[in-house]
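Chemist: Two chains, two frames, a set of hints: combine them into the complex.
What follows is the residue order along each chain.
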Amino acid sequence: MINRNRAAILIALILIVAGALCAWLRIKYTLKPAGSQGGRAWRLTYDINLSSTREGKIRIALPDNTPYSHIYRETFSHQGIWVDLLRNKRTQGREASVVSMAGYQRGRFLAHFDIQLKPDQKSKLPPVKEKMTANDRAYYLRTEKYMQINTPGLANILDLLANEQMTKTELLTRIFDYCAENIIKGEKKLFSDAEKTFEHGIGNTLGRARAMVALCRLSKIPARVVAGFILENTQEAQVHHWVEAFSQKKWFSYDPENGYSAQLPITFLPITRDSIDIVRGPDTLGYQPRYSIKRLLASTSSVSSRESRLWNIVDLTRLTPSMQEIVSLILLLPLAALITTIFRNIIGIQTFGTFTPSLIALSFIHADWRTGALVLFIVLAVGILVRLLLNKLQLLMVARLSIILTLAVLCMVLAVSVLDYLNLTPSASAVLLPIVILTMMIERFNIIAEEDGLPNALKIFVTTILVSVCCFLVMKVEMVGRLALIFPEVQLFNVAILLMIGRYSGYRLSEIWRFRDITQIPLK
Amino acid sequence: MVRPHKLPFWSWPSEFRQNGIMGINSRNINLIFPFNPRPIYALCDNKALTKKLCESQHIPAPQTYALIQRFGDIKKSKGLLLDLPGFVIKPTRGAGGRGVLAIANRNGKGFKNTKGELFSLEQIKYHISTILSGLYSLSGHPDQAMVEKLIKPHPAFKGLTVAGTPDIRIVIYKTTPIMSMLRLPTEASQGRANLHQGAAGVGIDLETGTTYGGVLRDRVFDVHPDTGAPLGGVTIPMWKDVLKIATQLSRAIGLQYVGVDVLLDAEDGPLILEANARPGLSIQIANRCGLWQKLNKINLKQGIS
Numbered sequence: 221m222i223n224r225n226r227a228a229i230l231i232a233l234i235l236i237v238a239g240a241l242c243a244w245l246r247i248k249y250t251l252k253p254a255g256s257q258g259g260r261a262w263r264l265t266y267d268i269n270l271s272s273t274r275e276g277k278i279r280i281a282l283p284d285n286t287p288y289s290h291i292y293r294e295t296f297s298h299q300g301i302w303v304d305l306l307r308n309k310r311t312q313g314r315e316a317s318v319v320s321m322a323g324y325q326r327g328r329f330l331a332h333f334d335i336q337l338k339p340d341q342k343s344k345l346p347p348v349k350e351k352m353t354a355n356d357r358a359y360y361l362r363t364e365k366y367m368q369i370n371t372p373g374l375a376n377i378l379d380l381l382a383n384e385q386m387t388k389t390e391l392l393t394r395i396f397d398y399c400a401e402n403i404i405k406g407e408k409k410l411f412s413d414a415e416k417t418f419e420h421g422i423g424n425t426l427g428r429a430r431a432m433v434a435l436c437r438l439s440k441i442p443a444r445v446v447a448g449f450i451l452e453n454t455q456e457a458q459v460h461h462w463v464e465a466f467s468q469k470k471w472f473s474y475d476p477e478n479g480y481s482a483q484l485p486i487t488f489l490p491i492t493r494d495s496i497d498i499v500r501g502p503d504t505l506g507y508q509p510r511y512s513i514k515r516l517l518a519s520t521s522s523v524s525s526r527e528s529r530l531w532n533i534v535d536l537t538r539l540t541p542s543m544q545e546i547v548s549l550i551l552l553l554p555l556a557a558l559i560t561t562i563f564r565n566i567i568g569i570q571t572f573g574t575f576t577p578s579l580i581a582l583s584f585i586h587a588d589w590r591t592g593a594l595v596l597f598i599v600l601a602v603g604i605l606v607r608l609l610l611n612k613l614q615l616l617m618v619a620r621l622s623i624i625l626t627l628a629v630l631c632m633v634l635a636v637s638v639l640d641y642l643n644l645t646p647s648a649s650a651v652l653l654p655i656v657i658l659t660m661m662i663e664r665f666n667i668i669a670e671e672d673g674l675p676n677a678l679k680i681f682v683t684t685i686l687v688s689v690c691c692f693l694v695m696k697v698e699m700v701g702r703l704a705l706i707f708p709e710v711q712l713f714n715v716a717i718l719l720m721i722g723r724y725s726g727y728r729l730s731e732i733w734r735f736r737d738i739t740q741i742p743l744k
Numbered sequence: 013m014v015r016p017h018k019l020p021f022w023s024w025p026s027e028f029r030q031n032g033i034m035g036i037n038s039r040n041i042n043l044i045f046p047f048n049p050r051p052i053y054a055l056c057d058n059k060a061l062t063k064k065l066c067e068s069q070h071i072p073a074p075q076t077y078a079l080i081q082r083f084g085d086i087k088k089s090k091g092l093l094l095d096l097p098g099f100v101i102k103p104t105r106g107a108g109g110r111g112v113l114a115i116a117n118r119n120g121k122g123f124k125n126t127k128g129e130l131f132s133l134e135q136i137k138y139h140i141s142t143i144l145s146g147l148y149s150l151s152g153h154p155d156q157a158m159v160e161k162l163i164k165p166h167p168a169f170k171g172l173t174v175a176g177t178p179d180i181r182i183v184i185y186k187t188t189p190i191m192s193m194l195r196l197p198t199e200a201s202q203g204r205a206n207l208h209q210g211a212a213g214v215g216i217d218l219e220t221g222t223t224y225g226g227v228l229r230d231r232v233f234d235v236h237p238d239t240g241a242p243l244g245g246v247t248i249p250m251w252k253d254v255l256k257i258a259t260q261l262s263r264a265i266g267l268q269y270v271g272v273d274v275l276l277d278a279e280d281g282p283l284i285l286e287a288n289a290r291p292g293l294s295i296q297i298a299n300r301c302g303l304w305q306k307l308n309k310i311n312l313k314q315g316i317s
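Chains as they are written, first to last, in this note's numbering: chain A, 221 to 744; chain B, 13 to 317.
Looking at chain B on its own, in the form it has when it is part of the complex (with noise of 0.2 Å):
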């Protein structure tokens, strides 16, 4: 891996400081506890809930094709996933990208996933079936599972793209989009865009939608670990549109403080796939910017200091 940078070992508190870098336990006190109702939380843990929101506000949003609630649903939806060509099957209550099937595609044998695996309609069957029975869902309760349109990458993020979806995270503040990262799936990550399990982070600057520089594993980072390409210089395409549905969705929501995940489709353009009650703060290092230098800008505005 190629590693640019000379990297500090060490860092003073008193620097983070002047960075205005945002820690968990001053996230939790100071922005979580006092601008997010509890009761919302489950707005954005319910994946289904979401979207019911979006759609009821006309905020893009995947298209669902099948929200399957009970076991006696699944055999009715064999029918309608022989008619689909691609599609996601996902738990509404997963974390971390657990329990996503993509299928690409269709012939004579079976469903192909985006990997080129070939499962049989059978499979599927049992795949929904085990998401119900609460297998992905983190406190093993019962659990839906919807069906979705499959996004198709945009052709910007060639190169970038690796074994899954890349998203765009964007912190919103009391409406105004403060920060944003591209996360981009890798190998370690499995294909999933979560900067936790693996996968890189790319800052974004707001005003042009450019990408620059970078994080993997909490370190600063300037090219894809798997493909070797620069992080930075790419420029994300209706990047206007991508913050006006992640603002639109934060004001729907009523989280003061929320981290927006937005996908970007070659077809549909941005789409929004989920909300987060409590964005991570890997983002500073993708940007290299303490939230609170952006969070104070906007206290400052709106007269409080």
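If we strip away everything but chain A, and leave its shape as in the complex, we get (with noise of 0.2 Å):
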């Protein structure tokens, strides 16, 4: 018979050195600091503080990838509002939508974006192709309040650039040179509209910028302003306007204050299409945004290269923010059932059911911990209420199990629509993931406690939620997300180290302070 025990802790060891090999050649090859490989790194810091507590909402646009650049890791912190992300409808750019909440005197909102430029041969921004319907061109051809195009003055001018014979894409040349060269830079506080610009012959960036849209637009050719940054070392980074217009099918950048006709520099950062200013919303709510740029000379996960090799499939940094993620919290699940089996066979506290824990604190992670408290307490009450009030009654399990799942989600959705009646919205979507997993766990609870008694049911109610938090606690350190997705293979020492659990036979903690009698009273 082969010896258990050897066998297992001989797995463990070859899983271990299996993990470490595939974590050095990790670093090795695939971890190299980001400017030694020609690609550049940088980190766009939102700094947004709100004075007032007003009713009211505003938008935050947020960088994303682009073919030529990517967010390998972001991070959102935020007091006193309630942020959602979303994306522009139109644009389909990225957006945080922020509403204070009642109770707070200011609210703040900070993120970092780590953004990895992708080496390219070519260090200019190319054209970026896309479909553009009727209505989409209707719209960037329309007249605006401050890029009027239907002036005698615009007209004029229009008259001396253009001839009959040209192509469109000559004439938007023509333009370009016309506002880059015509138009002399302004300063940053003089007025920003086309009319005046053009009526002045002089212009800061942004007056410069709708002064060419303007004119493209009166030439029937589809253009828009871009809001941006342009990457620099910089404490006050100041937002930066340039001009996109779609020709051939495709939109092309144009930079009239320096002069790039085009084609951009990459570190030309585009954060929004549908907006001059970065934070929109009512002036009433008192908003101050700042932001700063710091070049990061070396990164721990880089994108190393555009090639689409075959190993990349390991490498998990490669993956979009919003997917980077959900992969990083399922990485983190066997960590925590790694923490519940310790607890429960080393420690020897009982929970309801195996994964509950981990899932319990996988919901408060996706939710945020207040509204998964919120939820626990309502579908703890609700189970113990309708178990008081059915229990007379008899119902078959599943049947029971669903009323209080029936009556959890109506106390759910009132509670929500409560918080919506006092505007402290919380994120709907939050609250379902904690709702069925709590609910599953309530049949866990009834079960027990019809067994061997309320008291008990309560005390293993108890013991796992204090598994959940340290579950919880240790799911929420950033670093260990990262970890897990940087290096998938601490999975191999997670099973190694479960293995060795799997065959420890000695005491468990628990069973010092259960059978401590024994040894003191001996009888015989």
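Careful, some of the hints might be misleading.
What the hints assert, rightly or not - With a cut-off of at most 25 Å between alpha-carbon atoms, the simulated DSS-like pairs for lysine-lysine come out as follows:
(1) B:Lys87 with B:Lys121
(2) B:Lys124 with B:Lys137
(3) B:Lys186 with B:Lys127
(4) B:Lys186 with B:Lys88
(5) B:Lys186 with B:Lys90
(6) A:Lys248 with A:Lys309
(7) B:Lys186 with A:Lys612
(8) B:Lys124 with A:Lys612
(9) A:Lys309 with A:Lys277
(10) B:Lys64 with B:Lys90
(11) A:Lys612 with B:Lys137
(12) A:Lys612 with B:Lys87
(13) B:Lys127 with B:Lys64
(14) B:Lys127 with A:Lys612
Unchecked claim - Listed next, with one range per pair, are the computed distances between beta-carbon atoms:
(15) B:Ser132 with A:Leu608: 23 to 29 Å
(16) A:Ile667 with B:Lys186: 33 to 39 Å
(17) A:Val618 with B:Ala241: 41 to 47 Å
Honestly, the hints are just simulated from the structure, not real lab data.
Note that the coordinates shown come from a computational prediction; the quantities given were computed from them, not determined experimentally.
The C-beta atom is built at its ideal place from N, Cα and C for all residues, glycine as well.
Modeler: As structure tokens, then:
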């Protein structure tokens, strides 16, 4: 017969060696400092303070992945506000929708984006292909408050620039040349609308961009102003504006201020194409945005190459930030299972179900823990109440459980509605996961309560929550999730530890307490 | 409650090891995994199967009046129930005494259970239907109901019997009884002889069949928590027969480490209640002795070090 303990140790050792080897290979080949590979990494920081508690919503445009840049890490922290991430309906750009929470005097939105520029032979931005519907076309040809098309001055200028044999591309070049050469660079505080810029022949960055867009639109070339940043080391980054014009089914970029035509340096980071401001909203909210940009010398997780090599499959850091978030959460589940195993097999604490604590922790991370705690309280209260009321009826378990779920859902939806009424809008999606998982836990709770009595069930409930909190605290540490994502091979260590625990035949800590009476009172 | 001993607050694991105390991890890894083949669990978990085995091996067990498997059988059971003086209805796959209804006698108004509560025939039929639909089976799966002869607790346990029937747990390793205890229902355990639910346990000397020691909720205890009667010094009647039928069952069932529960009926003597593939560890506290001490002796005898 094989010695099972020895076999388990052997397999565990093999797993540890394999894991260490994978990690070593990864460090050696994939994690190189960003600078050394010609790629460049930058950190863009948003620090937006809200000083008013009035009702209202502001929208903050966020950077997104582009064909030449990749956000490999982002962190958000906020106080006194509710934040929802969404996408702009027209441009598909990423945005954060921010509502101030009642009861807070001020709010703060702090975000870091670590951006990797992809090394490329051409250091210029290529034009971006896009389909354009008739609606979009009309939208990008319209006249706007500060981009007035129907002024006599503008028509005169276009007459000067255009002639009948000219193609749209040639006309675009001439429009750009005109805006770059004939409009003198003005101070930042100067007027910034298209009409005055042309009238005076002087304009700031925004004025010149708007002037060019107005000219394009008058020539029936769809155009828009882009707001973004030029990546350079600065504590006070200014929003830069440039122009995108649609020609030959592509968006071409122009910067009349710096004289870049059709192609921009890759350090130009577009943020929004739907507005000239990064932060939009009623001024009464008193928001003050500050942006800073820092060059990162080395990065632990850089995009090594644009080539799609097969082993990139095991490089999870290449995924988009939102996907990374989910993947790292999934990768943390085994860690939570390990913690639960330690609690159950070594410490000897009972929990409802094997993975319930892990799932509770997961749901609390997915929602925020306050929403989770609220759901927990409601589900528990409903569960006990229904148990007391329906126990006499002796319903079958599945039916009884479904009643609990129904009532818990009703209470939750009511709570969400009440919070919304009080202008404390929580995100409704955050409620979904906790409610399902906690309702499952109530089932276990009721079984134990029936078998061993309510005090026992409450005891196990408390220990389950205790283990969940431990899992939650570990899963919440950003560094842990980061490591799990960069080094998926740590899961091999996890299995190795679990193998050892699986063959652990020593006493559980709780048994030292349980059997304490035996040794002290010898009877025979 | 009387606590005659000054109880310790702490013991060291090294002291446990000296006394051969078995922990759950050790029980699972060293005994249950190697010695108890998983497929046999079904025999233990289903009381009807256990009883069938007893009958085929001529091991005494409470007489079965009926096994109700389908809802259609409930109506047919009416005549049977009206004929019986006293009976017990229990789910075959219930655990911890859930869903057990013990009817002591019948008068003009209806059936009276052992606690003196009155039940109508309709209520009893409803109880059977809830058993069949799986209300008391842990997984919620449909179950079967057994109608058995009511056990009359042996007069030897007078003063120790409260709200339920005491039973005797015998832990058997490789067909040799190694430890046993008398399990006494209490008010706290609601008449169930389950230590986990608050029943009291008393160690039994395997040689003489006399009780000593005692445990209640994992603490050393010497008197019955409800009646105050001393737990020690009670001699179990027909002790050799109790050990004999328990050993017979362990042989028949094929588990090498098993806890057998035996009832002692005033008329029929020792009867098999059920077998347990994962016997609990509190029996060590009741006996003030570690299970490994006993196991190692047997291993030595059989030449296994």
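Chemist: Now tell me if each hint is right for this structure.
Modeler: Each hint, compared with the structure:
| no. | hint | in the structure |
| --- | --- | --- |
| 1 | B:Lys87 with B:Lys121 | holds, 20 Å |
| 2 | B:Lys124 with B:Lys137 | holds, 14 Å |
| 3 | B:Lys186 with B:Lys127 | violated, 39 Å |
| 4 | B:Lys186 with B:Lys88 | violated, 43 Å |
| 5 | B:Lys186 with B:Lys90 | violated, 44 Å |
| 6 | A:Lys248 with A:Lys309 | violated, 43 Å |
| 7 | B:Lys186 with A:Lys612 | violated, 46 Å |
| 8 | B:Lys124 with A:Lys612 | holds, 20 Å |
| 9 | A:Lys309 with A:Lys277 | holds, 17 Å |
| 10 | B:Lys64 with B:Lys90 | holds, 24 Å |
| 11 | A:Lys612 with B:Lys137 | holds, 17 Å |
| 12 | A:Lys612 with B:Lys87 | holds, 24 Å |
| 13 | B:Lys127 with B:Lys64 | violated, 30 Å |
| 14 | B:Lys127 with A:Lys612 | holds, 19 Å |
| 15 | B:Ser132 with A:Leu608: 23 to 29 Å | holds, 25 Å |
| 16 | A:Ile667 with B:Lys186: 33 to 39 Å | holds, 34 Å |
| 17 | A:Val618 with B:Ala241: 41 to 47 Å | holds, 45 Å |
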